[in-house]
Amino acid sequence: MEMVEKKKQPNYYFIWFLLLVLTVVEVGIAYLSGLPRSVLILVLVGLAIWKATLVAMYYMHLRFERLRVILLASAPLPLAVILVLAILLEYAR
Amino acid sequence: MDWLPGAASSYAAELDTIFWVILAVTGIVLVGVQVTLVYFLVKYRGREGRRASYVEGSTKAEVIWTVIPAVLIVGIAVASQRVWSQVKNPDRFPADALELNVEARQFAWSITYPGPDGELGTEDDFTRYNEMRVPVNRPVVFNMTSADVVHSFFVPAFRIKQDAVPGLNTRAWFEATEVGEYELACAELCGVAHGLMKGKVVVLPQDEFEGWLAGLGE
Amino acid sequence: MATVEAMAAPLAHGHHEEMSFVRKYIFSTDHKIIGIQFLFASLAFLALGGVLAIMLRWQLGFPGEAMPGVGVVAPKFYNALVTMHGTFMVFFAVMPLLVGVYANYLIPLKIGAPDMAFPRLNMLSFWIFVQSGIVMTASLFVEGGAPGAGWTAYAPLSAVPQYTGVSLGQQLWIISIVLFGASSLLGSVNYITTVINMRAPGMTLFRMPLSIWALFITAIIALLAVPILAAAVILLFFDQTLGTTFFLPADGGQPLLWQHLFWFFGHPEVYILILPAMGIISDVIANGSRKPVFGYHSMVLAIIAIAFLGWITWGHHMFQSGMNPLLGTSFMISTMAIAIPSAIKVFNWLGTMWRGNLRFHTPMLFAIGFVSLFTIGGLSGIFMASNSVDIFIHDTYFIVAHIHYVLFGGSLMAIFAAIYFWFPKMFGRMMNEAWGKIHFALTFIFYNLTFFPMHILGMGGHMRRIYDPTQYEFLQPYQPLNKFITISAILLFVAQLPLIANFFWSLFRGKKAEANPWRDNGLEWTVASPPPHGNFAVTPIVYRGPYEFSSPEVEEDYLPQDVPLNGEREVVGAGVGEE
Amino acid sequence: MNEAITLPGGVKAEPGMRIYNQKLGMWVFLASEVMFFTGLIGAYIILRFGASAWALPGVPLDEGGTPLNINLTAFNTFVLICSSVTMVKGFASIEQGDQKNLKRFLLATVLLGAAFVGIQVMEYIELAREGFLPHCSEELATVVPSCHLFGSTFYTMTGFHGAHVSIGVLCMVWVTVKAFRGGYTKESHGGVEVIGLYWHFVDLVWIILFTIVYLI
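Protein chains in written order, with my numbering: chain A, 36 to 128; chain B, 489 to 706; chain C, 371 to 949; chain D, 26 to 241.
Just to be clear, a hint being listed does not mean it is correct.
Chain C is faced by these chain D residues, among others (derived, beta-carbon under 7 Å) [stated by the list, open to error]: (1) G50; (2) F100; (3) L174; (4) S177.
What the hints contain is simulated information worked out from the structure, not anything from laboratory work. Even glycine gets a Cβ: it sits at the ideal position worked out from N, Cα and C.
All chains, please: the whole structure from these sequences, using the hints.
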């Protein structure tokens, strides 16, 4: 298969290490009571999305797939955002 | 028999107007489509030796019948929005309204009146079941909730419908414009006796209502 | 039929050994057999749903009078009828009839594939569907009665057994829906993979028939919408059994959360039920008009637009729920926007018939019926989309009329058209045309007599799902109309007997069908009726779109997709998909 | 491998996604799984926003702190991340035709996955002993804010995730057995890649869950 040839071998252990560091940072931040709640939530969610993206991009090889596979994989995400945001608007009154 | 029930609230007429406008617009489109359909069926019915025209489409025609519905839709939406925000937006509720509390439960409506002092949440509040008494020509705002399942407060003559949701305080208002008795129904399936969960709204002349309120509903 | 043998590699299908009856017809992995299995199963559920409808209509037309053979319908049983009629029709009749039957049967045949991408998952999908149907049917007979919270199962009514007096029934309903979701998921994965990966050479996306486009987009919607329903009913199940309070106001639960989750699934579900019908109708109308579909590309774009908009309109089911009024405005706008692609489709169907050479075979009659009735259903939707008019007509018979014009006048008409159209391909015999036309005429007449007056009831403020309309003074004048509707509904039910008789008679006695009885262009008509296992002896090569009727290039008024014209022979290589 | 096909009129035959059916099917399935977890996680987010107070990490239990054992679960997260790297290393090995390393890495993945489930079960038992259940004990409910809602959303989300991991482990055992029988080669190892996609997806979901359920 041509894709196999095209694919560079990412350094999987480095990604693993990065994930561990990010996890430690997350737990550390969660215990830090100094930050305001909103900042804390923003930072933690940001870190989680970063980690999730690393897994999807490297371990699931999305970075090395064609655009249409990436589109297929990310198709449900806007729907998830629409659902949650619209319902949250209900409580924003 | 009228098509729509007799209108007896301040915004009923405007809501009905939108209904009739939409009916006119969609009616014209409907008749147009059905007549065209029947005309085509007759005119282009299959005959031996005839051949259909090889036409794959027409961008011009398609643009036309995309734009026309779009314009009609925008018009309808703008017209609808006015009444919607008037009826449903709590920020635009009338100011000098009579406030009532309504609690729905399987299978009854309980209506709490402010009593002679005109204030809810005070000692002289009193509660009546399945009969809402309101003054004519004065807005009535009611805070609604439910003790069990979702119910829906529906007075056809007033064109008002608002769900009563347990754990939520939903607000609605109407202003009755004619003295009389109107039926109140539950419009949301709420259990075995849903179809029997009915009450009435009695619209009284203002002085009569004041007297009734002052007399603690006696 | 000309095939390009030299250029196509023979398919690697060695299933020529004799299979036992069980392997061949019961636990078959052949998409055609599975489609036929879905057909029989969901037609049975359609009949059951119809019987339930007649019973509830009886109570509305003749409140409190004993129905012959059934007796007086009690209020609790009435709610069960309302609930189960909706559930069976939506989940076990219309959806499987369109998606289970025709996605299964048509996708591989119409794109030139030997079978589905995952034949065994396909078989599993059917048998999970059967289990789901059995569980749902069982809920009718268990202690405590059948679920009575409506097919929308609004919490908290559905979440607390005391509120309806039903516990086991409601739980079985939930289990059945979860099974149904699993079946639908397996189907969707199969359809999407097959359409993307297994098209024959030359079958580009924009050469796919509109039926396949619609079924493909529908599979995507189902793939993404049904899991939301599964998640929601699982939470509901925990509320029912474990004492959690997801949807109960006690301890901080949110009753409206159920409505949001349900309709986030439920509105796309509406398009699952209508888009395949639109696609099938496009195929049939082009065939019956002997003309290319008018504006093929905009038809495809309209399907995609409807599918996309379907995700952002769910709130119009909740206008009166006490939602944020600003959300009400945005949901009105997105809902209204759907009218535009729907209008494009209707006008394009008319455009297809314009200057055609119409052949009124039974499928075409049902397709014309679809255009006529769907127009009414689509236009009546604008009343509900208008958030202010909806204040009055929400939860009235106006909605009931609308949904039946779309789901019966729309989807079911398309299903009837599809049954007549592909029956010869499925079973190798023609259905009787005369009886087909009688079936159409009776259905069309009694359909309108049943459902059109419901608009009038709705305008009068007649609430839906009420047990006894005569309890309300303002509804008493409408009682003769209610009686009229009930009688029409019974006649509409009886009008389906010609279909049943015709179906079974034709199955055994019908005229033998040739390969291409309707003189159509699709790949399924290039093989024998019924097609052999593995479908195509050689992989077909596709040279053009599916709607080349009355093309000036050939003498006949149709031009199959796989027939090369002069100069169309420079094809290099063959085979696709399975790399 | 097929050449691209040019048909008359210059239209190229579309060769599909150019990934094999099983892999495409898995991606399509995962899209559906995203929506399933959206339903569960979305319900949690909305219920939590609607709740008046919620148990927070980094605060003592009697001051409204979380009853969850964050350190233990952080370790469990570590275990799952490790299982992801062994999985992907296994896949990388068989891409090079290295069956020996494939077996080693797959075995490690199975063990780590099983360890994750085991630790989660231990966590459940411990929490249940403290009275933290889908419907909290009376005692705990007086300390932990929105305890019932927290309990029910917690067990639903982590429970369904745990079920996914368990199914993953079972499938992984099957793949591992096949690997030990020499069933995968440099040319044909689709099974490893497809199960790998599922496994990483489950890991990905856990990354999200760990953050929003335990840490926020």
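**Hint check against the structure, violated hint numbers in rising order** = Going through the list in order, the structure violates hint 2 alone and respects the others.
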